[in-house]
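There are 2 protein chains.
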Amino acid sequence: MAQPTDFKHFDLTVLPASARYKLLTATVVPRPIAWVCTLDTGHVPNLAPYSFFGLMGSDPPIVAFAPGDRADGTPKDTALNIASGGEFSVSLVSAELSQVMSDSATDFPHGMAEATKLDVGLEPGVKIAVPRVRLSPATLECVEVQTIQIGKTRIILGQVLGVTLRADAVLEEAKYHVDTAALDLIGRMGGRGGYARTRDGFEIGRMTYAEWQEREGPEN
Amino acid sequence: MAQPTDFKHFDLTVLPASARYKLLTATVVPRPIAWVCTLDTGHVPNLAPYSFFGLMGSDPPIVAFAPGDRADGTPKDTALNIASGGEFSVSLVSAELSQVMSDSATDFPHGMAEATKLDVGLEPGVKIAVPRVRLSPATLECVEVQTIQIGKTRIILGQVLGVTLRADAVLEEAKYHVDTAALDLIGRMGGRGGYARTRDGFEIGRMTYAEWQEREGPEN
Numbered sequence: 000m001a002q003p004t005d006f007k008h009f010d011l012t013v014l015p016a017s018a019r020y021k022l023l024t025a026t027v028v029p030r031p032i033a034w035v036c037t038l039d040t041g042h043v044p045n046l047a048p049y050s051f052f053g054l055m056g057s058d059p060p061i062v063a064f065a066p067g068d069r070a071d072g073t074p075k076d077t078a079l080n081i082a083s084g085g086e087f088s089v090s091l092v093s094a095e096l097s098q099v100m101s102d103s104a105t106d107f108p109h110g111m112a113e114a115t116k117l118d119v120g121l122e123p124g125v126k127i128a129v130p131r132v133r134l135s136p137a138t139l140e141c142v143e144v145q146t147i148q149i150g151k152t153r154i155i156l157g158q159v160l161g162v163t164l165r166a167d168a169v170l171e172e173a174k175y176h177v178d179t180a181a182l183d184l185i186g187r188m189g190g191r192g193g194y195a196r197t198r199d200g201f202e203i204g205r206m207t208y209a210e211w212q213e214r215e216g217p218e219n
Numbered sequence: 000m001a002q003p004t005d006f007k008h009f010d011l012t013v014l015p016a017s018a019r020y021k022l023l024t025a026t027v028v029p030r031p032i033a034w035v036c037t038l039d040t041g042h043v044p045n046l047a048p049y050s051f052f053g054l055m056g057s058d059p060p061i062v063a064f065a066p067g068d069r070a071d072g073t074p075k076d077t078a079l080n081i082a083s084g085g086e087f088s089v090s091l092v093s094a095e096l097s098q099v100m101s102d103s104a105t106d107f108p109h110g111m112a113e114a115t116k117l118d119v120g121l122e123p124g125v126k127i128a129v130p131r132v133r134l135s136p137a138t139l140e141c142v143e144v145q146t147i148q149i150g151k152t153r154i155i156l157g158q159v160l161g162v163t164l165r166a167d168a169v170l171e172e173a174k175y176h177v178d179t180a181a182l183d184l185i186g187r188m189g190g191r192g193g194y195a196r197t198r199d200g201f202e203i204g205r206m207t208y209a210e211w212q213e214r215e216g217p218e219n
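If you read the protein sequences in the order shown, they are chains Y and Z.
Following numbering that gives the first Met the number 0, the numbering of the first sequence begins with 0 at its first residue and continues without gaps.
Following numbering that gives the first Met the number 0, the numbering of the second sequence begins with 0 at its first residue and continues without gaps.
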């Protein structure tokens, strides 16, 4: 192990928002990427990637993501569409989809369908009216349960109703056994366009308290 | 790009919690790891890792994590301590800390200090009373702003008051420029003990709408 070394502390209570953003997005990594599809009131699909995103539970199954606002302070189409329709799909992003996912973050005008413009094929949802990205290896079908506003931070909590997985990644359907490596997903790193592949995987055995006691001896 | 292929759909509304857990933890990856330290009312530090965790905003700076419950249905020490104290530190986990981080998830009895038992050095916090993991390259100092309960899913939202970074990862302090790769963090993958390193990084240029128009021509 490395020896203790020097550290620098940044007081976020006195730094501007841009500094807080740089420090936190460079530090809380790797972040899974939610490629979120929604429908506007005219049934035009909106598609945009978010890495302020996390799995929060399985009983009930809950994901959280934070779409933020546009530069002018108005909510993004994703948030507007969920506020009016409640449903959204979260397609996870494989390495082969990384460029087109990033392109879909382009500031297209309101009502312009990113998926059509970028030639991203969509497939109908199973349990929701919102489609999913055809080539994504894994999509969560979600319905909003709560939206929390803390200052300018807007957090959407969704219950996951269904999961659609590429068949080759399902090793044993009856045991819900998924080959995560086969999904070949990427994570968001720091900087303006930093990402990381997840191909360099490893396993760690989980130790029980009884095993720890055996290892350490009775005096512990 | 791969051609469209077969997909399997799993209806989470009819599957048991164990199946939902397996499907979602194998799919929402890579997940950043929050190694969360809290203090109980006797000032004994508790330390446990959580990957139901995400960055949710920078204005104000908010993180979310979901500690879940013990197998017997009672809240974990992390949640009990935050309910009584409000403060917690989130240390991110580098590859060299992966084994001891995993060991700290062992089901030690209530009130037994994991950090002491596992010889994890702690350092005092700057803005909070809760310490941080000495060898972690990045720690967020947080105070609870809200806890949301949805069924058995408990989501703790914390405001980040300060960030402590290993000095060698701070490239330009005045510009808040962090070398994310130097942190060498790991992400949680699927399975009982699956993780991934983040060393296989790459960059994607972000396209503006004007650039997209130029690329596609005026008819778009």
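Worth double-checking, as some hints may not be accurate.
One copy or two, either will do: identical chains are not told apart, so a pair holds if it fits within one copy or between any two.
Stated by the list, open to error - Below are the EDC-like pairs computed for lysine to aspartate or glutamate, each with C-alpha atoms no more than 20 Å apart in a straight line:
{"#": "1", "residue 1": "21", "residue 2": "183"}
{"#": "2", "residue 1": "21", "residue 2": "171"}
{"#": "3", "residue 1": "75", "residue 2": "58"}
{"#": "4", "residue 1": "151", "residue 2": "58"}
These are computed hints drawn from the structure, not numbers from a lab.
Because the structure is a prediction, the values reported are computed rather than measured.
Here is how each hint holds up against the structure:
{"no.": "1", "hint": "21 with 183", "in the structure": "between (27 Å within a copy, 17 Å between copies)"}
{"no.": "2", "hint": "21 with 171", "in the structure": "between (42 Å within a copy, 12 Å between copies)"}
{"no.": "3", "hint": "75 with 58", "in the structure": "between (29 Å within a copy, 16 Å between copies)"}
{"no.": "4", "hint": "151 with 58", "in the structure": "between (29 Å within a copy, 6 Å between copies)"}
Every hint, counting from the list given before, is met by this structure.
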